[in-house]
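Protein chains: 4
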Amino acid sequence: MKRRIGILTGGGDAPGLNAVIRAVALTARNKYGWEVVGIREGFDGLMHGASTVPLPKGRVRDLLARGGTILGAVNRGNPFSHTVIAPDGSEQVVDVSDQALQRIHDLDLDALVAAGGDGTMAIAQSLVAMGAKIVGVPKTIDNDLAMTDVTFGFDTAILTATEALDKLQTTAESHHRIMIMEVMGRDAGWIALYSGIAGGADAILIPEIPFDIDKVAAKMETTRIGRRGYGLVVVAEGAAMLGGDQHYYIGDKGSAAGRLGGVGYLVGNLLADKLDADVRVTVLGHLQRGGQPTPRDRLLATQFGHAAVDLIAQEKWGYMVALRGNDIVPVLMTEAIRHLKAVDPAGDMVRMARDLGISFGT
Amino acid sequence: MKRRIGILTGGGDAPGLNAVIRAVALTARNKYGWEVVGIREGFDGLMHGASTVPLPKGRVRDLLARGGTILGAVNRGNPFSHTVIAPDGSEQVVDVSDQALQRIHDLDLDALVAAGGDGTMAIAQSLVAMGAKIVGVPKTIDNDLAMTDVTFGFDTAILTATEALDKLQTTAESHHRIMIMEVMGRDAGWIALYSGIAGGADAILIPEIPFDIDKVAAKMETTRIGRRGYGLVVVAEGAAMLGGDQHYYIGDKGSAAGRLGGVGYLVGNLLADKLDADVRVTVLGHLQRGGQPTPRDRLLATQFGHAAVDLIAQEKWGYMVALRGNDIVPVLMTEAIRHLKAVDPAGDMVRMARDLGISFGT
Amino acid sequence: MKRRIGILTGGGDAPGLNAVIRAVALTARNKYGWEVVGIREGFDGLMHGASTVPLPKGRVRDLLARGGTILGAVNRGNPFSHTVIAPDGSEQVVDVSDQALQRIHDLDLDALVAAGGDGTMAIAQSLVAMGAKIVGVPKTIDNDLAMTDVTFGFDTAILTATEALDKLQTTAESHHRIMIMEVMGRDAGWIALYSGIAGGADAILIPEIPFDIDKVAAKMETTRIGRRGYGLVVVAEGAAMLGGDQHYYIGDKGSAAGRLGGVGYLVGNLLADKLDADVRVTVLGHLQRGGQPTPRDRLLATQFGHAAVDLIAQEKWGYMVALRGNDIVPVLMTEAIRHLKAVDPAGDMVRMARDLGISFGT
Amino acid sequence: MKRRIGILTGGGDAPGLNAVIRAVALTARNKYGWEVVGIREGFDGLMHGASTVPLPKGRVRDLLARGGTILGAVNRGNPFSHTVIAPDGSEQVVDVSDQALQRIHDLDLDALVAAGGDGTMAIAQSLVAMGAKIVGVPKTIDNDLAMTDVTFGFDTAILTATEALDKLQTTAESHHRIMIMEVMGRDAGWIALYSGIAGGADAILIPEIPFDIDKVAAKMETTRIGRRGYGLVVVAEGAAMLGGDQHYYIGDKGSAAGRLGGVGYLVGNLLADKLDADVRVTVLGHLQRGGQPTPRDRLLATQFGHAAVDLIAQEKWGYMVALRGNDIVPVLMTEAIRHLKAVDPAGDMVRMARDLGISFGT
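Quick mapping for you: the protein sequence lines, in order, are chains A, B, C and D. Under the working numbering, the first residue of the first sequence is numbered 121, with each subsequent residue one higher. Under the working numbering, the first residue of the second sequence is numbered 121, with each subsequent residue one higher. Under the working numbering, the first residue of the third sequence is numbered 121, with each subsequent residue one higher. Under the working numbering, the first residue of the fourth sequence is numbered 121, with each subsequent residue one higher.
Okay, chain A solo, but in the shape it has when bound:
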């Protein structure tokens, strides 16, 4: 059956999104003979009639190694709770999901691939419940989605964070400093855990294991003697301090720029005070989301895009692709949204890290 399918990307940036777009376009065309169009700006663009982008072979050829998404992605725009300005000037939240459905129809799309995080999957799932033909590609750089072993973007984030640790280490060593590096991970500490082990950190602080700042200070004291005077601490942005105010705002709490930062500076200041040490804090921030995807992320994104087109051929609406061991499998979006994958404080990786001498501040 000749089909015309659409693809949109939603939520935060992740290296590999463009590789998904490329794989969807190539697979649909080569394997099934379908036409593919890109929809700009995610579900928000879909609702508001953003322009579409034809995706012939020549258009997607160079996307494999390119960071970001050529379709744009926004962190807003839920058709089920859409904010509009009423005639009296007040803001009102309305359900415009039928407009989204209508728009899919108007664009003459037989099916839609939605690549995004849990927010995007939740919208997609609700639209599927209304009859839309949507399959999903999961995206979360934090690696906290339960139904898939890993998602694209995570490997690139680990590489960026580990290379940053490598750089900080030479300065830490030369200047006998304690270097704190804050990485992404609001709810799960995967990036901190993996980059911390790979980058030779002395302490790793993650949301799943609340830390005692005095234990961290004690570890640093030991480490500084053993390592000729320096120490490396990786802190996930969602790390929780026992008995403490969890965050340390930079700038104006209410402003856009003011939101960045937090626990890294908190840990830095407390260690500086407790140890009378030379402490420096680095917040990796958006560097972790950008740049060219690693080969592994290019491969996984390609596998996901390819499998999503197969899901459409199988008419498995409401399913998204996932990685299980070495296999790409379909899982229900509803399942994927429900569960968060957290680091197991008693699991193999944490236990190994402790055996190597890494402290979790406990």
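Calculated directly from the structure, the hints in this document are not laboratory data. Every residue gets a Cβ at the ideal spot worked out from N, C-alpha and C, and that includes glycine. Errors might be hidden in some of the hints.
[What the hints assert, rightly or not] Listing some non-contacts, in silico: residues in chain B with all C-beta distances to chain A over 12 Å: (1) Ala139; (2) Ser171; (3) Asp215; (4) Gly319; (5) Asp398; (6) Asp417.
[Claimed, not checked] Footprint (simulated), chain D over chain C, 3 or more residues, beta carbon under 8 Å: (7) 316–324; (8) 422–436; (9) 439–448; (10) 469–478.
Since the structure of chain A is provided, determine the placement of chains B, C and D on it from the hints.
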């Protein structure tokens, strides 16, 4: 029980060997309180009384990101078939395995970690059969060991090969050339397959799928038109041409330097002739084995080293560590040696590559 | 004449310091047959009798590509104004420069190479005035030393900053954001200027050209339309805003960790307010000082180390090496300290940047 | 005066060509208000009526970091000696330069920027002599153009070669091998010299200093003992052996693929024979020409493109831009073509390399 354990590395170089050494030393010391010594030059060094290296914490601290092995590794030296010069000047092959056993005893080692490829595992296994207390860490950059999903060094090789493809692509595109890149993989095409997909190759030639050079030429002809005149071909060094002399020696077949190269030049010359095209050949060679390990390889090597020490604690002599899904598991060395893990010509990855439009020359 | 010379490193970290140490050791030994010892922790270590490090060939072999300094470096310790605790518990500043001279004598050093910034050069110069035999190697990652075209570490900092901009750009483009990146440069905007041009920034804010935040906002407004909605701003940490409070402290002004950041957040907050835009701020911080030096920095550091030994052979005490065009030349330390090399607001590079469409906020 | 100018790229690939195109387009538009069109496939495309490419801001925005040239480049196509097939089937060489002039007129171009090597400059110069309004941007990755201190692409080539050396070193060290790396440099040894020093080579063989293979072998013998058994040799492809057949062809001399390689394998085979050592040869080849330009090359390419547009405004036909110290200056193309810039065997850089213990095989 207080123990003194040894570690040696054998076979070809692979990024991550030093991270294994570090993990063994740290785990033995921190978790079990054991002493660790390094034995230089693998089993060859063990037999010949090569000097040992104490491995305290300070000695292994900087090894995580360092390529190669500080213990040295040689591709020769089997105690079971050792070549000696007889008094009459003739070469004789003798079994000196009892010397190796004696040397382990003389060094006062309670157990030994042997990190290496199938040759190293075979020797280790035979020594275990004679009563030696050895556990193994598998190492093969080609990823062709059956009992483990993946080994360290493979991810770094993929990164090096993919980055090289990225570089070749810009020149191929600017000059409308066909670029051939030969990568490692004597018996299995994993590196070619993974880097070829991740690097956007038009054709991938691997040992598991004998190729028809006319089919490759036909693909290139199509590609050159579609891609504004260029094409990328990745060739595993063990790729087999249908009906052809398999290799194309460079230099003197018998000499050390003359062994390099082969099928890449063969494919290049044939395509140049058949297509009257501008063709260039690049042989990646040893670049794939060197350099800093990727974070993923540092992590896997660390997991392997850590688990090997646990195997010693459990006295599982003759076992080696392996990766299965997300778990590190022990497998019998005898099992690991017996099976080669080849690319499945009908498997998911090859099928996906074909769907994307990649040719395997068939 | 057989000599025994010492080398010390002072001030902030810079990629290439280890390459200087290597070049000094190899040149002294190979060319002149001299012995070389390293003095730990700069002039502070010299005064306090820090241990010395013999530097034979085998010790310096692997230093070329290694970041930081194996000798350690501290940002304190001036023998001419040394703080001591008096018997009554009060702090006193005393001149202990004669102790430094004595220590050079006690270590049996015929001459000393001091690698460091203007602080280190100032101390060295004063000691030379007292009779010490010292030559200098200039080090400033900010590239603000007047007497040399460029110093090692600068090229590596530019690479790190440009790669970071490349990463931020993909996210900026995908999310239609304004990304602010704060780089080093307290008194001179070289890193911001060079990385900004090389990384495709839309605006570059440097100390030499005070900026009007409304002009920056106006540029961003134009840029966002032209570039499908995103913009990149590079801000030197010493950039000065017209009519504004110059800095924006993060955390506690008095604490160690609290010192980081500043004008980047200030610009970010103001732009977010003025444009109602999605703005993100990244502070590169210590990432710019760390890591492996680029080939160019390895080469320049090697040239400097080599030339410094020649200066000793010529007994040019009080001179330091410098780069002029393609030549390494000796300059008086006193000259070098006196002048700062600032970006010329009317110079070729700024003019070119303006021609390309880059705004300086004026 | 409102103008419409063209730009073409010729000769071999070099990282930075796209940055030149971008700088020409942005400068022409922003500074002068001119229109810019790209001409595909160099002078060959100009003659044969290849399609032109409009270069508005949106088209050139992403070119700064992109390798290769979007305009294509060919190594053939001289209007002054053009090969045509005569009616009788024979090949004839004819002068079609008037067609090239006519084509410039037909395209309504007021002036032309020609970016390329000495071949491209020679054609441009001859056309200028016939009345064409052309300015030049020099491009030679080998850095062998006399009138400019350096050209773009060279820094990227050095980075690629040095990173490759870093990788080979870990294997060389682990396996006690001699590693040979052949780099570009047919007539001048700049890449070998700079990457060899920056990468810690033990011997560097360049065209300017004919080498004695026995001297190289003797150096390797010494080095292997001192360095625990390994050595690194960098060989320029044009290196000349004293008393020897200069080249060592790989494959069929006459074929396209067969041209690659040469002296690297020759040196490798001879050292393997003379030393009974384990020797491996790597030919970097086209990896050196590809990939993203370094920040320094992006900057220089941008400066060149910007200055070329200024040359047009000044109507300096027959001039090309060049780097002298820190200045961009105009030089006559005729001057630039005449002189090759070779490494001075008695110059500072070679002398320093010798002082560090590097052998040139003499």
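Status of the hints after comparison with the structure:
no., hint, in the structure
1, Ala139, "violated, 9 Å"
2, Ser171, "holds, 26 Å"
3, Asp215, "holds, 39 Å"
4, Gly319, "violated, 7 Å"
5, Asp398, "holds, 20 Å"
6, Asp417, "violated, 9 Å"
7, 316–324, "holds (count 4)"
8, 422–436, "holds (count 3)"
9, 439–448, "holds (count 4)"
10, 469–478, "holds (count 4)"
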